[in-house]
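Position chain B against the provided structure of chain A, taking the given hints into account.
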Amino acid sequence: MTGSVQRRVKRLGLIVNPVAGMGGRVGLKGTDGPEVLAQASELGAKPEAPGRAIEALVRLARLSDKVLVFSYPGEMGEDEARSAGLEPVVIGSIVPGRTTGADTERAAREMAALGVDLLLFAGGDGTARNVCAAWGAGVPVVGIPAGVKIHSAVYATGPRSAGDLAALFLEGKVSRTREAEVMDIDEAAFREGRVSGRLFGYLTVPVQAGMNQALKAASRGGEERALDGIAAEIVDRMKDGGLYLVGPGTTTRAVFQRLGLAKTLLGVDAVQSGRLVASDANERALLTLLAGGTSGRIVVTPIGGQGFVFGRGNQQLSPGVIHKVGREGIIVVATAGKMASLGGNPLLVDTGDSRLDDELGGYVRVLTGYRRELVYRVASSTSSPVEPARTRRRGGVE
Amino acid sequence: MKPRRKDGYHAVAWQEPIILEMGTPGERGVLLPPAGEGITRVVGDVLESIPADIRRRNPPRLPELSQPQVLRHYLRLSQMSLGADLNLDISQGTCTMKYSPKVNERLVSMPELTELHPYQDVDTVQGVLEVMYRFESILKAVSGMDRFTFQPGGGAQGIYTNACIIRAYHESRGQANQRTEIITTIFSHPADAACPATAGFKVITLYPDGRGYPDLDALKAAVSERTAGLMITNPEDTGVFNPRIREFVDLVHAAGGLCAYDQANANGILGVTRAREAGFDMCHFNLHKTFSSPHGSSGPASGAVGVINELARFLPVPTLEFDGDKHYLDYDRPETIGKVRGFHGNVPAVVRAYAWVMSLGAKGLRLVADTSVLNNNYMAMKMAAIPGVAIAYPEARARLDQIRYSWEPLKRKTGVGTEDVRRRMVDFGLQSYFESHHPWVVPEPFTLEPDETYSKDDIDEYVEVMRHISDEAHSSPEIVLGAPHQSTISRIDESALDDPKRWAMTWRAHLRKRSGTEPMRVTLPSISEPGR
Chain A
97 MTGSVQRRVK RLGLIVNPVA GMGGRVGLKG TDGPEVLAQA SELGAKPEAP
147 GRAIEALVRL ARLSDKVLVF SYPGEMGEDE ARSAGLEPVV IGSIVPGRTT
197 GADTERAARE MAALGVDLLL FAGGDGTARN VCAAWGAGVP VVGIPAGVKI
247 HSAVYATGPR SAGDLAALFL EGKVSRTREA EVMDIDEAAF REGRVSGRLF
297 GYLTVPVQAG MNQALKAASR GGEERALDGI AAEIVDRMKD GGLYLVGPGT
347 TTRAVFQRLG LAKTLLGVDA VQSGRLVASD ANERALLTLL AGGTSGRIVV
397 TPIGGQGFVF GRGNQQLSPG VIHKVGREGI IVVATAGKMA SLGGNPLLVD
447 TGDSRLDDEL GGYVRVLTGY RRELVYRVAS STSSPVEPAR TRRRGGVE
Chain B
199 MKPRRKDGYH AVAWQEPIIL EMGTPGERGV LLPPAGEGIT RVVGDVLESI
249 PADIRRRNPP RLPELSQPQV LRHYLRLSQM SLGADLNLDI SQGTCTMKYS
299 PKVNERLVSM PELTELHPYQ DVDTVQGVLE VMYRFESILK AVSGMDRFTF
349 QPGGGAQGIY TNACIIRAYH ESRGQANQRT EIITTIFSHP ADAACPATAG
399 FKVITLYPDG RGYPDLDALK AAVSERTAGL MITNPEDTGV FNPRIREFVD
449 LVHAAGGLCA YDQANANGIL GVTRAREAGF DMCHFNLHKT FSSPHGSSGP
499 ASGAVGVINE LARFLPVPTL EFDGDKHYLD YDRPETIGKV RGFHGNVPAV
549 VRAYAWVMSL GAKGLRLVAD TSVLNNNYMA MKMAAIPGVA IAYPEARARL
599 DQIRYSWEPL KRKTGVGTED VRRRMVDFGL QSYFESHHPW VVPEPFTLEP
649 DETYSKDDID EYVEVMRHIS DEAHSSPEIV LGAPHQSTIS RIDESALDDP
699 KRWAMTWRAH LRKRSGTEPM RVTLPSISEP GR
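Protein chains in written order, with the numbering used here: chain A, 97 to 494; chain B, 199 to 730.
In case anyone wonders, no lab produced these hints; they're calculated from the structure.
Any given hint might turn out to be false.
To be verified - Quick list of simulated restraints, FRET-style, between CB atoms: (1) E519(B) x R272(A): 53 to 59 Å; (2) G281(B) x R158(A): 33 to 39 Å; (3) K142(A) x H636(B): 40 to 46 Å.
Quantities reported herein were computed from a predicted structural model and do not represent experimental measurements.
C-beta atoms are modelled at their ideal positions from N, C-alpha and C, and glycine is treated no differently.
One chain only, chain A, in its complex shape:
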């Protein structure tokens, strides 16, 4: 706003996973691994990612004078950039037609070293995971959704919105960012009809201010205040001296920030009387803590865009742990905006124990702020299957 002098031309990194999305149309639920990819090609699958990447990049073409684009060669970005009227600086090397996740990781590492201001990548959950593994925290990314599995919140709702969001960020019109979940699901299990998701990490994404749905669902400032409120309420409740098992996520991290403790973002930590008693605890450690007879509570937040309370990214909170704590001991926390993004669909549980899942169904009170609760439906994920198509529209950046 003060018209600060631009340091230099903005740098944009571009990575396209050319095979992302190929399994979807032919019903293969993903393309992780060369065998599946070969199978997809045999079934007549066509690459989806290049077209979707071009759709996003066209929205950036007007910035061609102001932005320096770095891409990987050929189908991994160069071709798409040129099709969209951009002139990329090409780095690295690939074997055309034989690219893998290792190429994505290498590309991300090299672009990080080049000091790009933003990384734009096209792919699915596997691609996001590769980027996450190679990317240092902090520099923002925007995902162009092109994969079969889009559970990660790093993706925009569509290619065009991904392009627009990237443009706004590079122009300095959007400067706010947040940490978004990188989720992945075990594809082999998914193909067999089991969904076993895990929270892989977090990437920083720009947040489009006042112009899109996620934000209008609740303004960013409002979300931050709501997080403070949730944290204050939980810290108040913790004064009962009980043992609190706190699940992964940025929502639950706010509780730890208020306590002045460090939270394992991807793990379950235990707190009692203001002290950290276990960090990144596994199921056995949690059961040991609960064995002492102290009253236990579980604090969880829905992970991923589908609203899973248990079974995605927090499997340490196993059926055994949940049984010990009991239904009354479970505290679900989420901001009102996050709940609205579920589109009215119920919260889901998939503990691995279908009887327990049924017991947890019904209505739950979700803590949404200081002395604010929502009464919300919970369903067992086995009784209400989650369709990938429905997932895609949620949980994105936009």
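Here is chain B on its own, set in the frame of chain A:
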């Protein structure tokens, strides 16, 4: 008549500066004459009694302008805004922007009203007290409640008053510490959550069922011995009327709570159904919505609160009483919640509402409801035929006087969303519409309310603009995405809305945040000195 879109419209663009950027040091609108020697001698220094440590060292940096400059400035600003008397105000769904008869403005401008003072002896204000007493009788008949207060200065204050009465009721029964929870629904007005929170309650919000109706099973899961009350609207923001409202009320009563009916907007149910028959203990009406008193850009407004006899002892003081001979004010009410505002409320709002009801009569009020529901359903039929428009919760049947729509199908197909359409519609001389309260449970939302004021032609014209914008979104979306093109200002950068570091509630804060430093202090001539 074929609906005519205002294609050639262009808003006035005066490029008017902020008033704090205008004027010349020393310039004055009024030059006050000196008090005169005799008066000065008797009164002395009027500032002397003000302690030195709370006196300003420098006079406030007020703009210094002549009267014609001030007049021009505000007339220009008024030309650059769209009000209810300038455009089809169908856009402000949930606000009930109806025509406010101008004759009623004449009434409230009469010196017989404007020259009154609330401290006057009641013997000298029997007339206006009678108007208020009669209007209370009208609202009692409309709602079935037993007593009313006009003290709250708006709808949210009315809801706050009800929350305070709920608290006082449980205190009187020794249950204030136990009954700490107020239940509301996500599609009730957000004040039904915010006001009880302000009054110290914990707030439990219910989500609708899959069809868009308030979820009775969710209520069953929410009520307990901690329930203090239920505070909800019906119809809700979506325009959906809850047909099981009596069951909701009974369930909360059975749990020991009270039920407050937010009837800020009662336009669709006047003379059709009442708070009493649904079992409510209290309600409130916004006289500036349903009862035609103008909104007046946030006032003066009135949130008239009604309660059943059992709760009348908690009403704010003074209450307005009549002994068969004389109207008087009663302050001697030991269980009152006190005052929520000074004096007796915004009397002009009451006078306008009284005049409006008296001009319509009971049958006229019913006709208001019927016409507004008919208008809304006619408009819904036409809106639903526009490509890209969806009605939220199509399975929910009874829609009363407003509807929450969604442009989500348009957004998915063309990339043009509700914010874009909102910016484009002002190019046709229409005020940008109200989208939704937060959070946006309905994606890409907008909410329209064509109340009884609007003719078929008005509604057709409005719908025609929406259809035209949908056509543009499909054929040349850049027109919509770049809008507005014909307005007072072009598209503004909204990113500051999201960045507290750039928010400025005052001019001084704006200058500080823009430049990064506190503005230079300038010593101005004291305002007590006439201009030199």
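We went through each hint and held it up to the structure:
1. E519(B) x R272(A): 53 to 59 Å: holds, 56 Å
2. G281(B) x R158(A): 33 to 39 Å: holds, 38 Å
3. K142(A) x H636(B): 40 to 46 Å: holds, 41 Å
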